[in-house]
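Enquirer: Taken in sequence, the protein lines are chains F and D. Mapped onto UniProt numbering, the consecutive letters of the first sequence carry residue numbers 1 to 540. Mapped onto UniProt numbering, the consecutive letters of the second sequence carry residue numbers 1 to 540.
Everything labelled a hint here was simulated from the structure, so no lab data went into it. Among the hints, a few may not be true.
It does not matter which identical chain is meant; a pair holds if it fits inside one copy or across any two.
Straight-line distance between alpha carbons at most 25 Å, and here's what the computed BS3-like set of lysine-lysine pairs gives [claimed, not checked]:
1. Lys109 to Lys215
2. Lys215 to Lys166
3. Lys395 to Lys459
4. Lys332 to Lys463
5. Lys130 to Lys463
6. Lys460 to Lys368
7. Lys463 to Lys368
8. Lys109 to Lys289
9. Lys410 to Lys166
10. Lys130 to Lys166
11. Lys373 to Lys398
12. Lys432 to Lys373
13. Lys395 to Lys373
2 protein chains.
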Amino acid sequence: MSKKALSILMRARMRPNSNSNHSVSPLSLTNAVKQMQRHRNSREGQSAGGASREENSASIGSGSSEREFMHVRASMDSAVSMNKTEFLDDALNNFSEGYFSFSHENRRKLLLLLAREYDLNRSQVRELIKQYLALELPADKAQVSEEEGLFASFYRIERNLRHALKPVYEVLFERLNTHPGGLRFLSILRADILCILTEENIASLRALDSYLHEKLSTWLSPATLELHQITWDDPASLLEKIVAYEAVHPISNLLDLKRRLGIGRRCFGYLHPAIPGEPLIFIEVALLKNIAHSIQDVLEDSPPIPESETTCALFYSISSTQPGLAGINLGKFLIKRVITLVKREMPHISTFATLSPIPGFMQWLLSKLACQKRLAEGEMSQTLTEGSNLTFYEKILKPEEEEALMSLPKDLAMGQTGMETMFNLLTSTSYKWIHSSELVSVLKSPLMHLCARYILQEKKRGKALDSVANFHLQNGAMVERINWMADRSENGLSQSAGIMVNYVYRLGHIEEYAHSYFSNGEIHASSDLHHYVEQSDKKQ
Amino acid sequence: MSKKALSILMRARMRPNSNSNHSVSPLSLTNAVKQMQRHRNSREGQSAGGASREENSASIGSGSSEREFMHVRASMDSAVSMNKTEFLDDALNNFSEGYFSFSHENRRKLLLLLAREYDLNRSQVRELIKQYLALELPADKAQVSEEEGLFASFYRIERNLRHALKPVYEVLFERLNTHPGGLRFLSILRADILCILTEENIASLRALDSYLHEKLSTWLSPATLELHQITWDDPASLLEKIVAYEAVHPISNLLDLKRRLGIGRRCFGYLHPAIPGEPLIFIEVALLKNIAHSIQDVLEDSPPIPESETTCALFYSISSTQPGLAGINLGKFLIKRVITLVKREMPHISTFATLSPIPGFMQWLLSKLACQKRLAEGEMSQTLTEGSNLTFYEKILKPEEEEALMSLPKDLAMGQTGMETMFNLLTSTSYKWIHSSELVSVLKSPLMHLCARYILQEKKRGKALDSVANFHLQNGAMVERINWMADRSENGLSQSAGIMVNYVYRLGHIEEYAHSYFSNGEIHASSDLHHYVEQSDKKQ
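So here's chain F without its partners, still in its complex pose (with noise of 0.2 Å):
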């Protein structure tokens, strides 16, 4: 199969465009007062309904672009209000379309318009809630009959409050996500809600994400989702997805995508019936004898170890393919159902492992090492006239560390203390730590000890407060070995000083301590990494 369209995709590497350069302008912020002022007025069912419009249309801006966006609002009215399929599908046709060709300022209006407009009735909302405080409970000696008749009044309401506080826009949402192309659009859409709300904060348009995530968690479900088996023989179209989405570790070239689908590699992705040809999520295997130290072994091993001589896969990349889907846990049976799969196919395969990236360590421990300071700073200048501060100050070096990073020469690194220097070297431009032998020799024992700490025991509301750490352990993961000088591109440095993870998915204890994980925050580890951890608490 010719892959020639592939080919040229390669050459100007295809992203998904990110709409978060175009600037908002302050016009749009005084239409949206009014366009909320409106909505407020013709809730309260008073009257400005037609004038405020004309208003809101005159400080648009120019003619064409506004004709073209009532024309996109009238065809989206239409799509929710419609009663009779027969125009319906015309009228969703004409919405996405519209939408599609949309700027990034009409989007933005139109949405925060569906969020204002389309909403809720809540004059209606109010009248219902009244007559349901009208209710009374039924008396504890009441007979059958009445107290039927009773809950028959509870249920009625609710079922009518139920109804009432169910957005116009579901009715929206609903029909898109049954209408072909429509559960893409929707992505499409939430999307760009998350875009807007990254530079505004709207309560609304929180509320209308919230409520699309919802729906999309459900119509999402990993029941719906068909596990498919990404090779080279798929369609070129499926492919571009693949290379345009990887997100972990960038496929550079033809050669590198064909590689990553070939002996010794598998590629599993999920996809969503309504959404053909590209995968919402998928993952890279590498077949290997042994777990992988670093991800340069994975990329680069070559010639591919013989698959019957392999006794490890390694899940080496996971990537999400649809910015709009975030927060929906799309991975979470994907790496199980993998698992599955390969052990039925490859019964030689005996370890499940993955080399993973530790993507919040150096921004945990560059805060940590500032804050630091900033308290040693502060305690000397106050001398201890402020005691509270030392509660938070904490020596998170061990003694020899400090030691070897004082020591170091002054032309190498500079710092009052052990965490300043220490500070200073990772923030220093263009990594030029890891070109001295002397600075990496000495920034591995510190820097591979709180890596382990960062892992296993810093917390956000009881879970890791590594994301991927956090998603491989409430899949049931453990956490195996963290390796030195894993990754030296530029994005592995930045995120965790070079230093990857391998997690590893014991078969038989997998649904173990994913039990224990979300039930009290046990992290499972080997004896190495508790090493690292229980080593510089001894020595605290």
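Given the structure of chain F, go ahead and fit chain D onto it with the hints provided.
Expert: Here is chain D on its own, set in the frame of chain F:
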């Protein structure tokens, strides 16, 4: 492919089990009251939980049945309350298997328990409602930020209220929907609920049914249904379903089934991915030269016409297989999709028609005749003192029909009026009127014109009173012809005095007709049909 199993099956015809014969013990009603009381107690935070539970168990009856009930109840509770996936599948399996093994009485008890003890946390709903009422809508001239803040409170409480108003059993439904076999199980649960509701009208169970109905409607949207042509090459396990569920014209033997899938015939079904091998609804089609006048012509047409000579596709039977999906319009898009498919494969087919039963005609006619008879008697005894009755009195026969009925010899027919005579003839045992050519010729005129009136003019809430008429009219069909002696089976005689109707789907007018029927109840009909009604209108 050998159809041995099917052949065996045909001898002992399978029908879906009806549970409606089981009696309901008065004991269970007492339990129901106790349960409701316990329910209320626990909601109100009072004690008595443990005590009433024992008391309740004690009254159930035999120990082993009680243990069995408690076991399934416990698995249902786990299926609702379990937070992790690890044992959820087991709990769902235990619950559904246990439920299947239950007697009608145990099913009834469990469903009532589900309806009453797993609905809402009403005190939480009340708490949120109080918070909601405390909010005030923002004043007109408020600042954007304040306004946003206020709206944020609305959105937050509305969202919480939405969640609080979801019954606890929603979780069970959602989980079953994504569990293998769960959707089918839910359809059986609903069939049982509907069956119990025909025995007793229990408010909590009605609420459960209405909630499940809504859920099923969403999950079974046309987008999730796959159109499948059913052929003799399909597995016997699927074909046995066709035999079992054919509701309109029962399949009499294996040869009959083979003919309905052979030359000149088509059968299409809607399948749902979660209920494999079992169409939810299926439609049988005959390819003919002209629109058939009688079902005998269709079922006994042998040998069939060569398909290349046919011009008409006749839909002669539509059956749904799941009593638990009652009220969910699965056929809505089926006919449209079948028409598109047939037209594409056989461009020589230009007419799409049905040969349909008129299930409500005789019931309507007999109650009309009985009512007029009672009114006439009242009129005579009270000699016009109560004139109000007169407004309901109506001469539904034409003068010449009245005359012909009254001049029948007394050994053939008895009655003081034509209507009474007609009533007596139509309700005589074994439909003996159809064996007398004299009676048949006298009855034909009034039955045909009243049938046309019933289909075209008798409505309920603006829709055709007859359910099959309403089904085809809302799908966009028109009424083409009514056929005398078109179904001489006992079923056909009891439903509609043997009359059947041809609805025609006119390509290019389907959407238009559906719309005008939907928006103002307009029924499109041929001039023949109108003729029947106009004649009688003039004469009155």
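Enquirer: Any hints this thing doesn't respect? Which numbers, in order?
Expert: Numbers 5, 8 and 9, in rising order.
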